[in-house]
Amino acid sequence: MILKQDASLFDHSHANPWHIQVGSEICDDVQSGLDHEWLVTNGLGGYASGSLVGATTRCYHGLLVAALQPPVKRTVLVAKFDEVVTLHTGERIELGVNEYAQGTIAPEGYRALQSVSLDGDIVCFSYKLTETLTLEKRIWMEYGENTTYVQYLLHGSFDEEGEKSGDEEEPAVLKLEVVPFCLSRDYHSVTTGAEDWHFLVEDQGHRCRIRAYAEAPAYHIIANPSATFTPGGVWYWHIWHRQDQKRGLPGQEDVYMPGTFRLSLVPGMHTTMVLMAETETSCSWGYGGRRHETLVGQALMRHRRRVQQLLAVADHSGHQLPEQDPLFARLVLAADQFIVARPDYTRSSNAPQALRLSPDRKTIIAGYPWFTDWGRDSMISLPGLLLCTGRYGEARGLLKAFTSFMHNGLIPNRFPDDGQEPAYNTADATLWMFRALDHYFSTTGDWSLIKELFPKLCEVIQWHVNGTDYGIKMDETDGLLRAGAPDLQLTWMDAKVGDWVVTPRSGKPVEINALWYYALTTMESWAVRLSTDAAQYGHLRALVRQHFARRFWYEEGGYLYDVVDVEGVAGSNDPALRPNQLLAASLTRDLLSEQQVSRMLQQVTQHLLTPVGLRSLSPDDPAYQGHFAGDQRQRDSAYHQGAVWQWLLGPYVDVHLQVHNNPAALRPLLLPFAQQLRSTCLGTISELAEPEPPFSDGGCFAQAWSVAEILRCWLLVRASGS
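Numbering (the numbering used here), first residue to last: 57 to 778.
Heads up, a few of these hints could be off.
[Stated by the list, open to error] Computed list of lysine-lysine pairs in DSSO-like fashion (alpha-carbon distance at most 30 Å, straight line):
{"#": "1", "residue 1": "LYS529", "residue 2": "LYS507"}
{"#": "2", "residue 1": "LYS302", "residue 2": "LYS231"}
{"#": "3", "residue 1": "LYS456", "residue 2": "LYS529"}
{"#": "4", "residue 1": "LYS529", "residue 2": "LYS512"}
{"#": "5", "residue 1": "LYS231", "residue 2": "LYS184"}
It should be emphasised that the hints constitute simulated quantities derived from the structure, not laboratory data.
Make a model of the complete structure from these sequences and hints.
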């Protein structure tokens, strides 16, 4: 027996201003569909992701990638589902897509795929079964839980020949088989199966409990009571990960099929599969019982209410979000994917790593699918992701979380995937924190946080003046910060392969010293308000201001040196034309003359600006790399030697507005990102792009600071133009 359900709960209108949909231009082309991706997240660092046509093209793809130690220890538990439908006529249609070694694609379910869309942040796949019958698959995650929902809805009607009549006859139904592909591994790795390795699968009728081996984390796949589960226990060999192979990583793996779920549907009905890690509280919510679909409906309503709340909070933050601004609405939802919980413990605590999660203790995932939370990325992204969207409490929690890990005047550069001690090899993350704090205070007026953190901020300055780790120390003669050694990468241009630092920038980098000046300026201002010793910060600030332009201005080129006193050699300056110099004008108007800023902007515009961001190095430089591709060594050699970065549009827009005060000139630079939200990964913006036409996307398919800075700049341009 199949129960009728209220389909109105699941209706989504294409009139939604932030609705994104791709159709036949991608779905009919399997190669294009394999190169485009989707992403949903859970606020813990866990996620679900795959290609638009359904195949896994990366080791990072999965239907349930659980953050078992939030926001890290991400583990691929369920790779994907394949579906087979049997129509009322007996015709079987396979909807799955798998790519195997040598490029073999089987089955070819993409032939039935009509469209892929985003309903808010729920990804929706629409399969045309007949002229009158469509199957829709929706995927979303429970916020704060390692739980994924996969829902199937049957739309339309059976054709007249297939309808049965007569009271004694059963009505026509569609039979649905759901075939899960399972794993249990770190998301950076791949699995090699074995004929004698069988997962431990507990058959519970319409649900199953799965462990790859006795000590492996357990997880559940749950259907409603009308379903049946038939154990299988078969390996699928040599699934090909085309995107990994392009990156020089292992290109294939084996996946385990524990069995098959069988369900029935009639038009107007839905059925839902629930996937969850066993540690989740949702395990006790009653899924799999007679109220299964009712509970799923409640989960969907929770999810929709949260999406509406995110948009409402962004609206209430003073930006007057109009329905006719789909770019801002979409970026608000994209921003949410990166904001995740971090355990409530400090670096000095002896408590276990996985302690309670606090709703106010947040961090920012630098990028999906492979990055964890990085200090630099979090601080650069905070104004766009949290302040521009009205999430002030979470911004406060993030700032407190990172300062709780402070060590020798430095906040962490990154947190390892295994949840161990953070790494501190960064010269700029801590300085970016001053900018984040200043933006937070100017936005919220929350002086209490500045007052609370001020003693730690004083320590930061003192450590930088006297010298801290990694050779980071102020030069007493000019007040400038020097950092690093030839074998260290401490700035955002941090590519390193083995012992080779691709862009070492040891010495006095330009943006580090612009940030240093900004930190000293804010400390002087805050010290005055606290009636404490502001003179020490004022003295240091004046010293930096006195020497900055003298040391960094490159008169012959009409722009700033990228590094002065390279590798500690006085007077050895690096004339590479890079975008880092923009921060000397975007952060403050004190360091350069108006003429210098104008000349610098002209050079940056001429040599670095592209339609999708800024090149990391001028094409005229002998070290320029015009292509970002290949294995890790090849990619890292181009990572900051030409590759285009979207986040750099942030400081570019700031400086352009300062020089020209013409927001209308910048709108054409930002509006194309509305189209980028429909490419590569639906609803988000990638890490970088190729430096030459057609400027194809590269790196992570979803990057926090890309979304953050485009969002922040859009509001700047929109507000300035109003």
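Query raised in the report: Any hints this thing doesn't respect? Which numbers, in order?
Result: Per hint list: single violation, 2.
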